[in-house]
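Asker: Protein sequence lines, in the order shown, are assigned to chains A and B.
Residues 1 to 692 (full-length UniProt numbering) make up the first sequence, in order.
Residues 1 to 692 (full-length UniProt numbering) make up the second sequence, in order.
Careful: at least some of the hints might be erroneous.
For chains that are exact copies, the list does not tell them apart, and a pair is met inside one copy or across any two.
What the hints assert, rightly or not - Straight line, CA to CA, 27 Å or less: simulated DSSO-like cross-link-like pairs of lysine-lysine:
| id | residue 1 | residue 2 |
| --- | --- | --- |
| 1 | LYS75 | LYS394 |
| 2 | LYS336 | LYS394 |
| 3 | LYS75 | LYS336 |
| 4 | LYS336 | LYS456 |
| 5 | LYS305 | LYS394 |
| 6 | LYS221 | LYS394 |
| 7 | LYS336 | LYS221 |
| 8 | LYS456 | LYS390 |
Honestly, the hints are just simulated from the structure, not real lab data.
There are 2 protein chains.
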Amino acid sequence: MTGCQRRRASVSRAFMLPHLLCLMCFAVISLAENTEMVNVVTERKAEESHRQDSANLLIFIMLLTLTILTIWLFKHRRFRFLHETGLAMIYGLFVGIILRFGVHFPQDLNDVTLTCAMNSSPTTVLVNVSGRFYEYSLKGEVRDSKGHDVPNAEMLRKVTFDPEVFFNILLPPIIFHAGYSLKRRHFFRNLGSILSYAFVGTLTSCFVTGLVMYGCVVFMKVIGQLGGDFFFTDCLFFGAIVSATDPVTVLAIFNELKVDVDLYALMFGESVLNDAVAIILSSSIVAYQPEGDNRHTFDGSALLKSLGVFLGVFSGSFAMGAATGVMTALVTKFTKLRDFPLLETALFFLMSWSTFLLAEACSFTGVVAVLFCGITQAHYTYNNLSAESKSRSKQLFELLDFLAENFIFSYMGLTLFSFQHHVFNPFFIIGAFLAIFLGRAANIYPLSFLLNLGRKNKIASNFQHVMMFSGLRGAMTFALSIRDTATYARQLMFSTTLLIVFFTVWVCGGGTTPMLSLIVGVDTDQDNSVSSTHVTAPDGMTQRNTKHESAWPFRLWYTFDHNYLKPFLTHSGPPLTSTLPACCGPIARCLTSSQAYENAGQLHDEDTELILNDGSSLMYSDMTVSTDAHGMPTSQAGLYSLAGTSDDPLDREIVFGGTRLVLPTDEPPDPLTSFPPPPPSPPLSDPLRHRV
Amino acid sequence: MTGCQRRRASVSRAFMLPHLLCLMCFAVISLAENTEMVNVVTERKAEESHRQDSANLLIFIMLLTLTILTIWLFKHRRFRFLHETGLAMIYGLFVGIILRFGVHFPQDLNDVTLTCAMNSSPTTVLVNVSGRFYEYSLKGEVRDSKGHDVPNAEMLRKVTFDPEVFFNILLPPIIFHAGYSLKRRHFFRNLGSILSYAFVGTLTSCFVTGLVMYGCVVFMKVIGQLGGDFFFTDCLFFGAIVSATDPVTVLAIFNELKVDVDLYALMFGESVLNDAVAIILSSSIVAYQPEGDNRHTFDGSALLKSLGVFLGVFSGSFAMGAATGVMTALVTKFTKLRDFPLLETALFFLMSWSTFLLAEACSFTGVVAVLFCGITQAHYTYNNLSAESKSRSKQLFELLDFLAENFIFSYMGLTLFSFQHHVFNPFFIIGAFLAIFLGRAANIYPLSFLLNLGRKNKIASNFQHVMMFSGLRGAMTFALSIRDTATYARQLMFSTTLLIVFFTVWVCGGGTTPMLSLIVGVDTDQDNSVSSTHVTAPDGMTQRNTKHESAWPFRLWYTFDHNYLKPFLTHSGPPLTSTLPACCGPIARCLTSSQAYENAGQLHDEDTELILNDGSSLMYSDMTVSTDAHGMPTSQAGLYSLAGTSDDPLDREIVFGGTRLVLPTDEPPDPLTSFPPPPPSPPLSDPLRHRV
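The shape of chain A in the complex, shown without the other chains (with noise of 0.2 Å):
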């Protein structure tokens, strides 16, 4: 028994509250249980902990309460130049000054530690105490304390979360949100221009900040600013995650600039859509492990290793997800869920979850698989739905991606106090500022370039330079870098993250917009009359000017998820017996539910109002006349009633649902003149039989 030396422990990463964040810490155990003395102090100090930590959980429910009454004041006074989140951001910033300097802890004995030398590190620890054996769980490597000159470095050790409750828990709820919240319609019409800018631009994005780092570190290391390891590995995955632009604030801000909706569903997809790359991005780069001695070498191989990580995680994490949806859709849709909303809300909402668990338990990207989760639900589940799910399942995640996402915010502000290893290098950081303007421009203007060529609805100039200043960084930028914590690049990087997460929400989220509305904004109304005068015109015939708009892999998927996808896995579209061969019939008939026939037009119509978070008030309205042709269904039903007889099922399925005459944009554009037109329909299966 040689090193038992009692010593305080200063953890680099801390994991007090997760334990009771979700309030699970072990407490009053074994009361009424034959105790002896040490038995009873042990439960003193698990008691006293977890008061503590509810103590330490109810300081941020204070604080999210805080922010949730000064939004509202900012509301009502309409006073917006300050985004929700970056209120949130204050307040955390307030508390963790307050915990810092303002409050003095006294120091209890629940910190003292006991030290014995082993010689391996095994996940359990059995402790032999005067003959009682007690179990103790591996937390993770401790380091030396930075901290000893920091008065409360306990309490602040304890309000500091795991970082994995971040990728676990607020997380997926604010991803899978925004997948389910995406405008679906303009999402999949802009499809190859949003991955573009998902993919090719944050990868351009990433190793140009990474390149401009690795050359400000390299001036750093010269000048002997460098106070440790930083290798272009590590600029390379600075550049991943500072390269995730937050979709929330990109809402904020098109409330303000009246763009075009397909424009606006651009950025939107385009935010939604890096989160993800950013993260199995990331996971890559910490993936590249060249074999031999010098670990920081260029190594074809594992270069070759990586790129299958992130194509590999990325498309494993994709199929968990759009298999969750679709089971989901497949599910609500033969069952008679509907009559029960609150059965269905549960499923709906087990079964989303379930994508995640799915995901992790296979090594794939949970928080990615949800979001592919919330796209394939919205696409088609969504239909599947009764009224009253619809709005409680909507309700449902709105409500949870609000609470994560101020908790997150304010959670950032108390951080930059909180946290016991920040490193703040200035020319790190300048050159760090520098180089995410340069990465976002690299990303931006050249891809935009290219994308006009083939775009009939030009990205405009000014568009450009929005989306260039709108590029804010959020959550997941702050959850991927506080993720590790532990060497002196990793904390270089959190401590400069944090600063620019900060200024972009502050300054680009809150100043910026009135400003760019000012200037902009005139322009951009302009620009955005005359595109959609030609997308969106009261003629109902304009629709097909917008078939030429995509590149023919997405035309072809259009025509498929209209055809066949979606008739399968909803109630909606045209009948399955319509648009499969003649010799499908019987199978045909058994997937296609008697609703479809009925309510093909109207649960499409349905479809289209899932747009943005409609809960809101303030959210950017849909531009597109579809609400006036609700007015008058029946007066222009009969006036194309002679389109009924046509071959073309989409025209058809106008006649059909009456209200969705003048929905120009409502559909994906009509392959038919494109493509050899899908078999003509059975006529004893005509759907207009069950009209009548």
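Model the placement of chain B on the given structure of chain A, informed by the hints.
Answerer: Chain B in isolation, oriented as in the chain A frame:
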């Protein structure tokens, strides 16, 4: 360094899953760090453990999904002999059997532990592994394995949750929802009887059960069947935990039996409140620790201390819950949060949660505080919410309740096979069934007799039988018994409790309901028709009948609540300007919102609509004729307009509302005939003018 020996840990209380229930396991950390081989191994292990944890949690999610689908099938086919909680238990049972006997998991290195000797048990241990320090945290005491013969011991341990999860995560939403959906109008009118059953009854039941069990234990000792210590305090503890009846199953049973709403409120109110009594009672019994060597003798001062703990914790928790509820009411009244339902719901949710944390931080009982918070929120705050927030908050808590409830019950089924320290003793089991029967009888029959002496709306003997048999044991009993399973006595209790829950839910909750409705149903209906005709007679003036039903302390409370608290905390009720003395005029005007004048009657009406879980279509509907009155508010409004000149604020309110004419049971009984009338309202603030 003496005692580093390898051994397999078998932990009496397992705690692996909690970490991942909320998924905060210590996964892939410090990946890009300058890692050594030992680090990589630790990470692999942690990652592996994270994967395993996700998979385990997935099992539960799948179980819940399956349960939901089956519940739907049962509801769809109108197949009701088994309550949904019983279903969840059956599925859990199957999964438990499969995990125990069907699957074989290889033992991995994760489970190997090291032992080193020390002379105290700190909460944190630092382990020095070849120069690197790893932190370990205390998990609890480990006792010698009894499960070496169980094949998948480690895996089974992993699917076992930390009992604190039940108390800190799963119970609060269930209990809050019970409080929030309490049928308040009828609850408050029967407050006296409900409190008698909940306090006197539960105490009686606890002591009777304890005494019977003590007899049983003594008998077992004599015949040599007792395998360990079992003291009288253990018997009392057992009595306390099995005295908590489950409110959820009560709801289901009362769907079938069309009994009087008052009697229903009695039953539901009792089962909600006795949960609170049982939880505090059990911790008071645990707190009974006589001084001296023999800790199981009688000691007057220790008994007094226990009594003090009981009263202190109960009143403290009550005060916390009520205070938070009142604060939320004030915030929602005096801000215009209603314009932003999302913010309002978030605030509501956070404030309710903070009650739990506040109570825990002050060493009170969070679960009990949450119950009273729920009741207060429903009674006051609910009136201030916007229509959307009303439905949002109801739906949110309904969903949380549903998920938590079914999780607990399916977990119960699983535990029967996954828990490794079961002690089944036929003598003890038979004794326990006898004891709970006698305990429940000693609660219901004598008390009902005494209460009937004072009650106008008698509790019929048939109904007493129903109360006797519908005392199902559920989530609370289970959570209390699993909280500590370290000693022989507690393991014996836990196993027996599990059987009691199974029996009561399946037999009493399932089969007995149709039986009871056949046998008792007719009588109950007659009884009901008698009791309800005099209460809900169509003549509006018969409402005066109900005023004598309650004892004076409760009537005093109604008057105070109706005249001062409701107007102060909500927009409803008579304006304070009319109830407060004239000298308080300025304050009264300041505290009375303009809506109070306008909405006085209407909001009251909404208030009464929060009855039971109105989300479910199967629920027991209100039996008053309020809906009829809604249909023709104008035709009858004039009928009673002469009452507007009366000094009685209640009568006047009837005229204002216009919809509450024939709502005799809508209001607390009019206090005027037995009490001095409240001061007449100053004529300048006569609310009638505001209406015109």
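Asker: With identical chains, the pair LYS336 and LYS456 could be close in the same copy or across copies; at 27 Å between alpha carbons, which is it: within, between, both, or neither?
Answerer: neither (44 Å within a copy, 46 Å between copies)
Asker: Classify it for me, LYS75 with LYS394: is the Cα-Cα distance of at most 27 Å met within a copy, between copies, both or neither?
Answerer: both (22 Å within a copy, 25 Å between copies)
Asker: For the identical chains here, do LYS305 and LYS394 meet the 27 Å Cα criterion within one copy, between copies, both, or neither?
Answerer: neither (40 Å within a copy, 51 Å between copies)
Asker: From the Cα coordinates, with 27 Å as the cut-off, is the pair LYS456 and LYS390 best called within, between, both, or neither?
Answerer: Result: close neither inside a copy nor across copies, 35 Å intra and 47 Å inter.
Asker: When Cα atoms must be at most 27 Å apart, do LYS221 and LYS394 count as within-copy, between-copy, both, or neither?
Answerer: Neither way: LYS221 and LYS394 sit 51 Å apart in one copy and 60 Å across, limit 27 Å.
Asker: How would you label the pair LYS336, LYS394 (within, between, both, or neither) given a Cα cut-off of 27 Å?
Answerer: Both: 20 Å inside a chain and 23 Å across chains, each within 27 Å.
Asker: Is it within a copy, between copies, both, or neither that the alpha carbon of LYS75 lies no farther than 27 Å from that of LYS336?
Answerer: between (41 Å within a copy, 10 Å between copies)
Asker: Classify it for me, LYS336 with LYS221: is the Cα-Cα distance of at most 27 Å met within a copy, between copies, both or neither?
Answerer: neither (67 Å within a copy, 56 Å between copies)
Against the hints set out earlier in the document, violations occur for numbers 4, 5, 6, 7, 8.
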